Each structure stands twice: as structure tokens, then as C-alpha cells.
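Chain A is already provided as a structure; the job is to place chain B on it using the hints.
Chains as they are written, first to last, in our numbering: chain A, 1 to 114; chain B, 1 to 110.
Wrong hints could be hidden among the right ones.
[Said to hold, decoys possible] Within a straight-line C-alpha distance of at most 25 Å, the following computed DMTMM-like cross-link-like pairs (lysine to aspartate or glutamate) qualify:
| id | chain 1 | residue 1 | chain 2 | residue 2 |
| --- | --- | --- | --- | --- |
| 1 | B | K57 | B | E82 |
| 2 | B | K57 | A | E31 |
| 3 | A | K52 | A | D67 |
| 4 | A | K52 | B | E97 |
| 5 | A | K3 | B | E97 |
| 6 | A | K106 | B | E97 |
| 7 | A | K106 | A | D82 |
| 8 | A | K52 | A | E66 |
| 9 | A | K69 | A | E31 |
| 10 | A | K69 | B | E97 |
| 11 | A | K3 | A | D67 |
| 12 | A | K106 | A | E55 |
| 13 | B | K57 | B | E97 |
[Unchecked claim] Restraint-style ranges between C-beta atoms, simulated for each label pair:
| id | chain 1 | residue 1 | chain 2 | residue 2 | range |
| --- | --- | --- | --- | --- | --- |
| 14 | B | T14 | A | T79 | 33 to 43 Å |
| 15 | A | G93 | B | G58 | 18 to 28 Å |
| 16 | A | T26 | B | T53 | 28 to 38 Å |
| 17 | B | P61 | A | M10 | 29 to 39 Å |
| 18 | B | G3 | A | N23 | 24 to 34 Å |
| 19 | A | S28 | B | K57 | 18 to 28 Å |
| 20 | A | N30 | B | S51 | 22 to 32 Å |
| 21 | A | A13 | B | T20 | 44 to 54 Å |
| 22 | B | S79 | A | A13 | 41 to 51 Å |
| 23 | A | T56 | B | F60 | 33 to 43 Å |
| 24 | B | E97 | A | S28 | 10 to 20 Å |
Keep in mind that the hints were calculated from the coordinates and are not lab data.
Bear in mind the structure is a predicted one, so any value in this text is a computation, not a measurement.
Just so you know, even glycine gets a beta-carbon here, dropped at the ideal spot from N, CA and C.
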Amino acid sequence: DAKTTQPTSMDCAEGRAANLPCNHSTISGNEYVYWYRQIHSQGPQYIIHGLKNNETNEMASLIITEDRKSSTLILPHATLRDTAVYYCIVRVGFSGGSNYKLTFGKGTLLTVNP
Amino acid sequence: KAGVTQTPRYLIKTRGQQVTLSCSPISGHRSVSWYQQTPGQGLQFLFEYFSETQRNKGNFPGRFSGRQFSNSRSEMNVSTLELGDSALYLCASSGFETQYFGPGTRLLVL
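Chain A extracted, bound-state conformation (with noise of 0.2 Å):
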């Protein structure tokens, strides 16, 4: 799997966005962005996907750059519920995997202030 660099922290005042930046500048043409949050002493929450194209759900939108090195996950109105630790993974999609295994690296903690 990629190696992915996140900012260790981040700051942003609550009901602005919060935008977070991840390099992953080896990432093969196979791997998906995903990105996970988790907020202090709670299971992982998976946040939203992508391969290629820009993705939004209800919680927040994905930008991959063209050349798939970089991507940015946007909180758009940022709440204090919203502080979390980030993580930012890539790997193969979990349909053509041959294993489920994320790895995990320090993340970006989002301080939301008010």
C-alpha cells in the first residue's frame, strides 16, 4: 500500500470549512483514497472513498488532484463534534483485494474551536 504524509494538526473555527490535505505520491493506479476519522477513544469512523473523480456524501467531499498524488478531504461547515483525528489511507479497493488490512498512519488532529 502507498505511503501517505498528513499534516500532524490542524486548527479551524467552528462553521467554516475544514480542509485537509494528504500527499500520497507513490499511489498506484489500482489504489482508492479513503478516509477515516475517529474521534477520542471510539471505533474508526470511514468518512468517504475515491479512486479518480472528486466524491461527496453527506459528510464531506474528496478532491483528488489529476495526477492522483494528492487529495483533500473538505468538512464543509465544520462543527465541534467535527474534532477528530484524520486518517487518510491508501490502498486497493476492498471488492479485488486479497485482504482487508488497513494500514494507519498518525493522522491530522482537527481541533474545531469555537
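Chain B in isolation, oriented as in the chain A frame:
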């Protein structure tokens, strides 16, 4: 659809004892993975079971074992507990698109 459930949620054991943790995956999911999370090592993959077979294993000693039943429910066992086994143990169930995590079992070894 119900999420991943784990029991018990909290557990206190003493060194040398053994412990069994249980995980019920999302209905229809055949893969169950286990992870250990500690402040020092972060989230680390323990093993994955698919259709009752261990398909992948992380770098943990043999004291850590698991199994999966025909209904996809899974258990993990840790024998001869050590202080360093104190951690949050997470179970994840995988479907077609991605992996979903349970709330975890927090184990404290005294």
C-alpha cells in the same frame, strides 16, 4: 442496518490471565479484522478472518489468536496477558466497498 458490535466494552484483567473478546459484524459481511490501538504504537493490524479462515496476520506474538464462526461472528483471544496488552481492541467488518469499525473493547491489564 445494525453496525459492528463488540463485547464487552470494558475489561480489567491481571497479568497472566487470558481474555476473549467478541465481535459481531454487519449483516452480510464475511470479513472481520482485528486491530490493537495503543498510545505508543497507534492502530496496528492483528489479523483478518474471511469465511472462517485466517487470511492475513499482523506482526503479533502467538499469544494473540482468533477465530471466526459460520455466522461470521469472530472472537479474539489473548493468553498470558502482559501489562503491554492494555489497549483498545477494535473489530472491523468489511463489505464490498470499505471497512466499518466497531466501538472497541478497552482492556486494562493490571
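Hint by hint, here is what the structure shows:
1. Between the alpha carbons of B:K57 and B:E82 the distance comes to roughly 20 Å, so the proposed pair stays at or under 25 Å and holds.
2. Taken as a hint, the B:K57 and A:E31 pair is honoured in the structure, with Cα atoms around 21 Å apart against an allowance of 25 Å.
3. Annotation: proposed proximity of A:K52 to A:D67 holds, straight-line Cα distance about 9 Å (limit 25 Å).
4. Pair hint A:K52 plus B:E97 holds up; C-alpha atoms about 15 Å apart against a cutoff of 25 Å.
5. With a CA separation close to 21 Å, the supplied pair A:K3 and B:E97 stays within the 25 Å bound.
6. As the CA atoms of A:K106 and B:E97 are separated by approximately 23 Å, the hinted pair is consistent with the 25 Å bound.
7. Distance check on the hinted pair: A:K106 and A:D82 sit about 17 Å apart at the alpha-carbon level, within 25 Å; holds.
8. A C-alpha spacing of about 7 Å is found between A:K52 and A:E66, which places the hinted pair at or below 25 Å, so the restraint holds.
9. Our distance criterion of 25 Å between C-alpha atoms is met by A:K69 and A:E31, whose separation comes to about 11 Å.
10. A threshold of 25 Å between alpha carbons decides the hint, and for A:K69 with B:E97 the separation of about 22 Å falls inside it, so the pair holds.
11. A hinted pair counts as satisfied when its Cα atoms are at most 25 Å apart, and A:K3 with A:D67 qualifies at roughly 16 Å.
12. Distance restraint check for A:K106 and A:E55: the Cα-Cα separation of roughly 24 Å lies within the 25 Å cut-off, and the hinted pair is therefore satisfied.
13. Restraint check: the Cα-Cα separation between B:K57 and B:E97 comes to about 21 Å, which is no more than 25 Å; the hinted pair holds.
14. One distance hint, 33 to 43 Å for the beta-carbon pair B:T14 and A:T79, holds here, with the actual separation near 42 Å.
15. About 21 Å separates the C-beta atoms of A:G93 and B:G58, a value consistent with the hinted range of 18 to 28 Å.
16. Between A:T26 and B:T53 the C-beta distance comes to about 31 Å, which sits within the given range of 28 to 38 Å.
17. For the pair B:P61 and A:M10, the supplied restraint of 29 to 39 Å holds, since their beta-carbon distance comes to about 37 Å.
18. Distance hint check for B:G3 and A:N23: the Cβ-Cβ separation is about 31 Å, which falls inside the suggested range of 24 to 34 Å.
19. Here the CB-CB span from A:S28 to B:K57 is close to 23 Å, well matched to the stated 18 to 28 Å.
20. Checking the proposed 22 to 32 Å range against A:N30 and B:S51 shows it holds: the Cβ atoms sit about 24 Å from each other.
21. A:A13 and B:T20 have their C-beta atoms about 46 Å apart, which keeps the hinted 44 to 54 Å range intact.
22. For the pair B:S79 and A:A13, the beta carbons lie near 49 Å from each other, so the given range of 41 to 51 Å is met.
23. Separated by about 38 Å at the C-beta atoms, A:T56 and B:F60 satisfy the suggested range of 33 to 43 Å.
24. Between B:E97 and A:S28 the beta carbons are some 19 Å apart, a value that agrees with the proposed interval 10 to 20 Å.
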